[in-house]
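J.: Read off the chains here:
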Amino acid sequence: MIEPIVVVSNIIDGLLMGLLYSLVALGLSLIFGLMDIINFAHGDFVMIGAYLAWILAMNFMVDPSVTALITVPLFFVIGLAVYKAVIEPILGAEPLIQIAVTVGLGFVLQNIALAIFHAEPRSYPAPALNFGINVGPITLTAAKLVAAAVSLASLLLIHYMLTRTKFGLAIRATSANRMVAPLMGINVGKVYAVVFGLGIALTALGAALYMSWGQVNPYLGASFSLLSWVIVAMGGLGGVVGVLASGLIVGVLEALGSTFITPSARMAVVYLAFFLLLWFRPRGLFARR
Amino acid sequence: MCASMLELKGIHAGYGEFRVLHDVNMHVDKGEIVALIGPNGAGKTTTLRTALGMTTLYEGKVFFKGEDITKVPTHKRVEKGIAMVPEGRGIFTPLTVYENLLAGAYTKRAEEKLQDSLEFVFTLFPRLKERKNQIAGTLSGGEAQMLAIARALMSRPELLLLDEPSLGLAPKIVLEVFDVIKRLREEGVTILIVEQHVKNSLETADRAYVMETGRIVLEGEARSLLKDERLKKAYLVI
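Listed in order, the protein sequences are those of chains A and B. As numbered in the working numbering, residues 1 to 289 make up the first sequence, in order. As numbered in the working numbering, residues 290 to 527 make up the second sequence, in order.
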């Protein structure tokens, strides 16, 4: 017997998680939309960001979400460096080479984490935000509410940046036609570097928010990568709004699948729904016919 | 003062290992309209792209207003005052007409004159004003070409490079394009144009260069080239 209240609370939980997933997936979507590179290491940056948030939280005895103030700018700079060292040389290369390089980057990050932290999961022992808030019969985790609110605010901010600012126009123009963009006076190399930095910075933000209740192990990246790919494939062409919509769908499916089937099948549920969607809309939710 | 707007000296250029241009020398003086004609694959587009630093340069130098810009990246050449309407227009199809024009005024120098430039291109192409908020991908071929020219003008160029601006357009629209080119000269814009409509472009231009297999084979006053027997034979279109 499925109780309606359990369904509702799962849907709400899924929507909250969906906002966080959207935030992480947006970075992947921006990078892919702009430079046609699928960053297979994207989720592994979330994993490294989560460890970093954990270390800082443990050292300064603050909630991991607060460490975003340090990890986000730091990851932006790391993103710039990774772009210069790893991504720039493979722009326009054979897809197979690009895949080998970013998959390899993911493994390097994973092995670094394994070597330093070993396989056991880590979490912040005294999270300030990991308490329940009762809304009627439903209990919500405060940390997830904060994560969802910050994610939503960040998504809206990036949407504003893309549609209303000069740099956003440069990003959209370059996405539309990278051969012609320099003829406008746009420094395409700079746009690429900054957007890659931004995409990586978003993984650090997602990671810090997640660590307020979650735990990290060296394989955390895989689940964030998988979820991000589905979200981008489903809604990537729809810009921030598309990523947001498909992130919410994925979040809800994951929550329902985890509760009503089994937690270990949550990815299978998400992917089955994704395959089904592709039957009806092979180019994603937001493709123009 | 140097009257030369653009000068290509001993240019050997191409794409990676693929060499296209062999010792190309040409110049465009201030206020001129110069046409670059020749068969497909002669290297006309490559010549324009080389002027903007979008090719692999093996040898030679590019000067803009007497300054050596050989090593200057494309986006900075645009800042200096060179603009190009690329082959196939290259408009940003998912963006609106207005956003395309804004993108054209991306450089600091152009941004300061944004309102002025908008007014100018909207008088030149009233249709674009009507379709300001339309997605550029929904424009007709002629409108898209107008947008590509307008977008290039938004950067306030002193030198405008036009690559086959009449390609794929109806004859009536082709004439409109040439009218705009003449009008731009009156506004003080120097123009280098690559064209397949040899007759139209020779009638509009002051001087012309004829290219074949990556070399300049003929040059001179546009009017005298119009009467040149070799050219008449090569291009029955005349």
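Calculated from the structure, these hints are not laboratory results. Glycine included, each C-beta is placed from N, C-alpha and C at the ideal position. Heads up, a few of these hints could be off.
[Said to hold, decoys possible] Quick list of in silico lysine-lysine cross-link-like pairs, BS3-like style, CA-CA up to 27 Å:
#1 B:LYS350 to A:LYS190
#2 B:LYS365 to A:LYS190
#3 A:LYS190 to B:LYS521
#4 B:LYS350 to B:LYS365
#5 A:LYS166 to B:LYS365
#6 B:LYS402 to A:LYS190
#7 B:LYS369 to A:LYS166
[What the hints assert, rightly or not] Facing chain A, a subset of chain B residues (Cβ under 7 Å, in silico):
#8 GLY349
#9 HIS364
#10 VAL367
#11 GLY370
#12 MET373
#13 GLU376
#14 GLY377
#15 THR385
#16 TYR387
#17 LEU391
#18 THR396
#19 PHE411
#20 GLY457
#21 PRO460
J.: Next, verify each hint and record whether it holds.
T.: Status of each hint after checking the structure:
1. B:LYS350 to A:LYS190: At roughly 26 Å apart (the allowed maximum being 27 Å), LYS190 of chain A and LYS350 of chain B satisfy the hint.
2. B:LYS365 to A:LYS190: 13 Å, holds
3. A:LYS190 to B:LYS521: Status violated; Cα separation ~48 Å.
4. B:LYS350 to B:LYS365: 16 Å, holds
5. A:LYS166 to B:LYS365: 17 Å, holds
6. B:LYS402 to A:LYS190: 24 Å, holds
7. B:LYS369 to A:LYS166: 20 Å, holds
8. GLY349: Since the shortest Cβ distance to chain A is 21 Å, the answer is violated.
9. HIS364: 5 Å, holds
10. VAL367: Since chain A brings a Cβ to about 4 Å from VAL367 of chain B, closer than 7 Å, the hint holds.
11. GLY370: 10 Å, violated
12. MET373: Hint on MET373 of chain B: holds, closest Cβ of chain A at ~5 Å, below 7 Å.
13. GLU376: Result: violated, 10 Å to nearest chain A Cβ.
14. GLY377: The hint is violated - GLY377 of chain B has no Cβ within 7 Å of chain A, the shortest such distance being about 9 Å.
15. THR385: 10 Å, violated
16. TYR387: At 11 Å from the nearest chain A Cβ, TYR387 of chain B fails the 7 Å test, so the hint is violated.
17. LEU391: Result: holds, 6 Å to nearest chain A Cβ.
18. THR396: 4 Å, holds
19. PHE411: 19 Å, violated
20. GLY457: Violated - the Cβ of GLY457 of chain B stays beyond 7 Å from chain A, reaching only about 17 Å at its closest.
21. PRO460: Constraint on PRO460 of chain B not satisfied, violated at 27 Å.
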